[in-house]
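Protein chains: 2
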Amino acid sequence: MNLSKQVQIKEVGPRDGLQNEKKEIATEDKIEWINRMSESGLSYIEITSFVHPKWIPQLKDAVEVAKSIERKDGVTYAALVPNMKGLERAIEADVDEVSIFMSASESHNKNNINKSISETYPILREVVDEAKKAGKSVRGYVSTVFGCPYEGNVDEHQAIDVCDNLFNMGIDELSIGDTIGVANPVQVERVLSEFEKHFSKDKIALHFHDTRGMALANTVVALQLGYHIFDSALGGLGGCPYAKGASGNVATDDLAHMLQQMGLEQSIDLNKLQEAAQFIESKLDQPLPSKQMGISRRL
Amino acid sequence: MNLSKQVQIKEVGPRDGLQNEKKEIATEDKIEWINRMSESGLSYIEITSFVHPKWIPQLKDAVEVAKSIERKDGVTYAALVPNMKGLERAIEADVDEVSIFMSASESHNKNNINKSISETYPILREVVDEAKKAGKSVRGYVSTVFGCPYEGNVDEHQAIDVCDNLFNMGIDELSIGDTIGVANPVQVERVLSEFEKHFSKDKIALHFHDTRGMALANTVVALQLGYHIFDSALGGLGGCPYAKGASGNVATDDLAHMLQQMGLEQSIDLNKLQEAAQFIESKLDQPLPSKQMGISRRL
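Chains as they are written, first to last, in the UniProt record's numbering: chain A, 1 to 299; chain B, 1 to 299.
Don't read these hints as lab results, they were simulated from the structure. Treat each hint with caution, since some may be false.
[Claimed, not checked] In the EDC-like style, the derived pairs of lysine to aspartate or glutamate whose C-alpha atoms are separated by at most 20 Å in a straight line are:
no., chain 1, residue 1, chain 2, residue 2
1, A, 197, A, 155
2, A, 5, B, 24
3, A, 197, A, 151
4, A, 72, A, 39
5, B, 5, A, 189
This one's a predicted model, so the numbers in the text were calculated from it and none came from an experiment.
Produce the complete structure using the sequences and hints provided.
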């Protein structure tokens, strides 16, 4: 296997994980958790979302979290911003990078943002421009690239068109998402082979959900094609198999373990990572779904 | 991806799954479950083990199960036999195929069979000879090919040597096992690339455990190399993430779903398969760990 040695994991648990957990975690526990993850060797943590608390009450303490965590050298602390108001708060809280988001499919975009795809661009452009003026790098999430809950299949050329428009705004990196966890390895190979005709692999991250158990298989196929940036959530947070409507981010601990076994990742301390997972699990009402956590409970 | 279209799943849940579940399932429920799996389109089911009840009391009803299930045309019904006594019972119960087993590593073989590898061969040879005389095809399980709980790494040439000896006895197919679920995709590629220098891919099955979540990723790598026979247990039976010492067979429902999505499997009715999984889950004390079962519980 001819694989890139420059693999990077981007931890999205404090945002994508917690926003899908019913239970609200105390602010001090979030801070402690993020600090522990910083100490584990992770180099990128999306710490929160500056979304209105009406939509995601679990993340209403975004400013306090961002201001109170210990910033470790070499770690990028990012946060999601849905609009200009969110961006203002993110800049005030001095995160390193902001993330914006939209969908590759019309109906998911409409359901999620209440706007058509073409109506979404100017709003995002304004946010990107302001973020850049404030010296922030910008990441974009493109949802439903591998399937849409309303439309089913999503044409990869439509996804590429959305990505093209986002890169043209000056966005630094796009994370393309298998939002509902339906991507399979053959499809991932087809879609990514098309993507590589248009974009640098250094600027495309893969955001796999493990709803159907294919996330690590899809990761291997992406690695074989030379992609090397992967999003995940510690412990599989937000995706407990026994919770209704769970979205199921691939688990950082399972991903990091596999990458280390494959000889592709050396910077993460898996024991510290597991301790950080155990810490947040102790604040939840149910066990985390990752395999590594399953093993640690059996020991 | 250049993949074989002749993929076959071999269901080992009634043997490898149930022997790792604490709870004893009623004989009539096992029979009903196996009949339901036959109806789902599975073409191979290992229905039990003719091992002494002292060792695996969960399977003490082996003869009754084998004699009472409905045999469906086109389905191979197999059973594990540890020795001549087991073979006699298997022949009496008229299974289609018998499986024997040993390990690729000395210490696991010693712990499991209480004999050295070289002491094991003549015993197995006698079983194979008798089975062949009775007109049965013979399958062999080779454990710890991808790692041993006592020795760690297992040299692939040692595993190949064991396989060579077993094939020389006239065994029809060998299932090489990642007994403790440690195989990673890079290792699978290395080991299988070595195996293909010695053996036909039509005679080597992969027996992955999903203890660390890598089973489907390993499956994809094996598929890419042209391997096309895979063992699994419905629902991930025997591998509940919350049970101590769980071995974690990859789940048939997750495997079949992925293979169908990849365009490689058409004969299994996933709905019937899921109903069969729900049936056996209803007889257990805890939910089955497969992703497909997680989804079905959320619907």
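Going down the list of hints, with the structure as the test:
no.: 1; hint: 197(A) / 155(A); result: 15 Å, holds
no.: 2; hint: 5(A) / 24(B); result: 48 Å, violated
no.: 3; hint: 197(A) / 151(A); result: 25 Å, violated
no.: 4; hint: 72(A) / 39(A); result: 8 Å, holds
no.: 5; hint: 5(B) / 189(A); result: 17 Å, holds
Hint check: violations occur at hints 2, 3; the rest are consistent with the structure.
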